[in-house]
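There are 2 protein chains.
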Amino acid sequence: MRAEFQAELADLSGRLVAMADEVRDAMRRATTALLAPDAEIAEGVISGDAAVNELHKEVEEQVFALLARQAPVASDLRLVISALHMGADFERMGDLAKHVAKTARRRHPARAVPDELVSVIRDMANVADRLAGKIGSVLANPSATRAAELETDDDVMDELQRGLFVVLLGAAWKHGVEFAIDGALLGRFYERYADHAVNAGHHMYFIVTGEPLH
Amino acid sequence: MRAEFQAELADLSGRLVAMADEVRDAMRRATTALLAPDAEIAEGVISGDAAVNELHKEVEEQVFALLARQAPVASDLRLVISALHMGADFERMGDLAKHVAKTARRRHPARAVPDELVSVIRDMANVADRLAGKIGSVLANPSATRAAELETDDDVMDELQRGLFVVLLGAAWKHGVEFAIDGALLGRFYERYADHAVNAGHHMYFIVTGEPLH
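So the sequence lines, in the order shown, correspond to chains F and A.
Residue numbering for the first sequence follows my numbering, starting at 16 and increasing by one per position.
Residue numbering for the second sequence follows my numbering, starting at 16 and increasing by one per position.
No lab work stands behind these hints, which were simulated from the structure alone.
Please read all numbers here as calculations on a predicted model, not as lab measurements.
You can trust all of the hints, since none of them are fake.
Which chain A residues face chain F? A few, computed with CB under 7 Å, are given here: (1) L82; (2) A83; (3) A86; (4) V88; (5) L92; (6) L184; (7) V192; (8) E193; (9) A195; (10) I196; (11) A199.
Note that CB positions come from ideal geometry on N, CA and C, so glycine has one too.
Take the sequences, apply the hints, and build the full model.
Below is the structure:
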């Protein structure tokens, strides 16, 4: 029973790693689609989100099967429930990559991001990418320290968000309301994406240490 | 065992009803704070979100306890896992009410919503309130029909969202970029809030029928 449980957990963890990889790749491509701009890449991200949702469904079904067959308790149970939460975080990260891609598509052939915003949006995308990469690697090689680091890694996102608004609301802004709204929403998508990676980091911290991070 | 399980489920359901009531009331007060505007009411919503988070923690702990002690299978297991998902939906709805209240607070003593947007924001708030009210009542008196209705009830939100953007992007808009961004984000907060109520409706549908809605 125990060996079987461990094998199923390894399998579940593999699916979560696959989800983390997928949503990292999705946001990378969404950023490329946004900044190039490239409508074909945007379409790929939008249609590709179904694969993330499929993986999420598999994670949910596996969690159900594990709970039903193995009736885990204590730390094993917490682990399985944490996996369920992480699956939901990754699913949402996929949605947010799709939102970025949809913004790119809506503006095509124009670029949704005016020159003045390219650098801050690229910085936000880089932070989001780093967090997605780290949670994937923490899943593959559990570490409480690295799981906890995600939260501080995310601090710079707030600064970038403020920087974004300085540009949007500055006297020099000449792109009108529509591009400003897109810029603000894009900032929010990257920020939320990073938040979910941080959440997943909390779950990994809990799995490794048995204690909540705060 | 069975009677005990049923009693615990009733208790869990009661907590979810309490969460639904809390987040409905929070969004109502946030809308009042926004449209009055009223900074004190806004503060109350912001600090009051802790109570929603506390209820969410209790739901999570109760789900853990139920899984560990009762090791439910089949439909009982699905019910317990659905309760966990609904708890997460309500927790997020509380966050979104807090976001609305924070927008109100940031602009005080000015009103974040210019005259031209009051009617569409009020309509969005009314839809959000109706959905929150319905999910609360479906939880208290389970009904597959009413749970499924939430999805169609939400359709009008997309129309309102479009109407909001017509005003924000219209030639007559004279409030500049900052109010436009606030308006767009507020629209998104109400829309996401309603989405989570719809999600919770899906979970209730599943609990009642044993089948997913789609």
